[in-house]
Amino acid sequence: MENQDEIPVEPETESSTFVSAYEADDWSNYKDSDVMLQQSAIWEEDAAKSPFVGDKEPLTSLEAEYKSGSPILLEKIKVLSQQYAAIRRTRGDGNCFFRSFMFSYLEHILESQDQAEVDRIKTNVEKCRKTLQGLGYADFTFEDFFSLFIEQLDSVLTGNEVPISHDELIVRSRDQSISDYVVMFFRFVTSGEIRKRSEFFEPFIFGLSNTTVEQFCKTSVEPMGEESDHVHITALSDALGVPIRVVYLDRSSCDTGGVSVNHHDFVPASDDNTPSASTGETNPFIVLLYRPGHYDILYRK
Amino acid sequence: MTSPSASSRKTLSKIATNRLQKELMEWQVNPPTGFKHKVTDNLQRWVIEVNGAPGTLYANETFQLQVDFPEHYPMEAPQVIFIPPAPLHPHIYSNGHICLDILYDSWSPAMTVSSVCISILSMLSSSSTKQRPNDDERYVKNCRNGRSPKETRWWFHDDKV
Numbered sequence: 001m002e003n004q005d006e007i008p009v010e011p012e013t014e015s016s017t018f019v020s021a022y023e024a025d026d027w028s029n030y031k032d033s034d035v036m037l038q039q040s041a042i043w044e045e046d047a048a049k050s051p052f053v054g055d056k057e058p059l060t061s062l063e064a065e066y067k068s069g070s071p072i073l074l075e076k077i078k079v080l081s082q083q084y085a086a087i088r089r090t091r092g093d094g095n096c097f098f099r100s101f102m103f104s105y106l107e108h109i110l111e112s113q114d115q116a117e118v119d120r121i122k123t124n125v126e127k128c129r130k131t132l133q134g135l136g137y138a139d140f141t142f143e144d145f146f147s148l149f150i151e152q153l154d155s156v157l158t159g160n161e162v163p164i165s166h167d168e169l170i171v172r173s174r175d176q177s178i179s180d181y182v183v184m185f186f187r188f189v190t191s192g193e194i195r196k197r198s199e200f201f202e203p204f205i206f207g208l209s210n211t212t213v214e215q216f217c218k219t220s221v222e223p224m225g226e227e228s229d230h231v232h233i234t235a236l237s238d239a240l241g242v243p244i245r246v247v248y249l250d251r252s253s254c255d256t257g258g259v260s261v262n263h264h265d266f267v268p269a270s271d272d273n274t275p276s277a278s279t280g281e282t283n284p285f286i287v288l289l290y291r292p293g294h295y296d297i298l299y300r301k
Numbered sequence: 302m303t304s305p306s307a308s309s310r311k312t313l314s315k316i317a318t319n320r321l322q323k324e325l326m327e328w329q330v331n332p333p334t335g336f337k338h339k340v341t342d343n344l345q346r347w348v349i350e351v352n353g354a355p356g357t358l359y360a361n362e363t364f365q366l367q368v369d370f371p372e373h374y375p376m377e378a379p380q381v382i383f384i385p386p387a388p389l390h391p392h393i394y395s396n397g398h399i400c401l402d403i404l405y406d407s408w409s410p411a412m413t414v415s416s417v418c419i420s421i422l423s424m425l426s427s428s429s430t431k432q433r434p435n436d437d438e439r440y441v442k443n444c445r446n447g448r449s450p451k452e453t454r455w456w457f458h459d460d461k462v
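Residue numbers (our numbering), protein chains in the order written: chain X, 1 to 301; chain B, 302 to 462.
Read the hints as simulated data drawn from the structure, not as lab findings.
As a list, the in silico SDA-like pairs of lysine to any residue whose alpha-carbon atoms are at most 25 angstroms apart:
id, chain 1, residue 1, chain 2, residue 2
1, X, K218, B, N331
2, B, K337, X, F140
3, B, K315, X, E143
4, B, K323, X, S147
5, X, K218, B, N319
6, X, K218, B, K323
7, X, K218, B, H373
8, X, K301, X, L74
Use the sequences and the hints to build the structure in full.
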C-alpha cells in the first residue's frame, strides 16, 4: 500500500480501488510477467545503467570510449578538446535531445541569472500557448506541462529569493515526474511550431519520412521516446527563440587531409526585421554533441 | 475477493486525477458524436458506449469500450478494450483487444479519451469486411492468463483498414 500517500482525498479516487472479481482477475496481477514489451525491457536496462542526465565528465572520458575504435573519431575528439572541456551524457531513450536542451537551458539560467533571457523566453512560451490554442488543442492537454516548465524556470531564477542549488537542478532533471513533463512540454512546443508553419516544414518532413506534417507531428514529435531530427531542433529553437549549436561527431572526413569537426548553429528565425544571423557571429550557449542517434551536452573551455 | 492484485493496481496520481476530471468535464460539455460515457463514480475506469456510424458496416450496432487509466496518465497510455462481444473487425480480437498504434507505441499526452474514441470509430467506419484478425484464436489463447494488450508486441502493418 505504499502508494496510498499520493491519493488525493477526493471521492473519485477513493472509489477507484477494484472490488469485483472480474476486475481483480483482469489485468492487474501480471504486471511483472515475462510478457513485457521487449522495447521497454531494453529501456529499463538502459535506465538502470544511466540516469536521465549524467554527471559532468571531462572530455577524456569520451576518448576512452573510442580507445580501440576509429582513428578518425579519436582525431576528432582531440580537435574537440581544444574548444570543449567537458561532456554531460543523457539517457538514450529517444528523448535525449529535449532532455539535453532542458538541462542545458536551465543550468545556463541558474548560472547566469539572466533575467532578460527569462523574460524573453516567457513571452515566447505564451506565444506557444496561443499557437496550440489556435491549432485546436484543448487547454487541459498541455497546461500542466506548461506550468511545470514555468515552475522550473522560476526555481532557477527566483528574483529576491535564493534559487535552487545546482545539485537540486540535477535531482529534478533525474526525477521522472519533472523531467518527463518538461520533455513533453518541449514536444508540445515543437509540434505547435511545426504545424503553425507547416508550409515551411513540409518539404523537410516529406524528405525525412514521406508523411504529412500532421502525421509527422502525431507519430514523430508528440509521443515520448520519438527521436529528434533537424526538423525538431529547428522548430524548438525558433519557437522559443533560443539558438542551439550541434557539434557532429561521426566518421565522415574531408579529403583535404586535415581532420575537422563540423557544427551547425540553429539560429531562431526572428519575426522582427533584425535577423541575428546577419548581425554577426552567434554564439549559442546551448552546445550539444551529436553522435548518430544520440545527443549529449558539451561544455566550452 | 481479496486477491493481491486488487491492491497492486496503482491509484491515479494527483496530476492524473486533475487531468481526468478536466477531461470528464470537457466530455460532458462536448461529447464526441456516437459515444456515451456511462456515469459511474470511478474516475479510473470509464465505460463508454459506442454506436456504429450510419452508413458503415456497423450501423445500428452498439458496443462498449472499457478505458482504464494508469497511475501516470497521461504520460502513460490508457488501456482501451472492447467489452465482449467486440465488433467483428480485422484489427479487433474476440477478447476485445484492439490493434491500434495510438493505444501503444504512438500514444501521446496530447491525445485525450475523446480523440482516442474518434480514432477507434474511424477505424470501424473504414472497415470493408467484418472478420476477426487471422491470428485471433492464437492471440486470445495467449491472453487467457489476463495479459493486458499493453504488454503485447503489436505490429501495425496494415493501415488500409
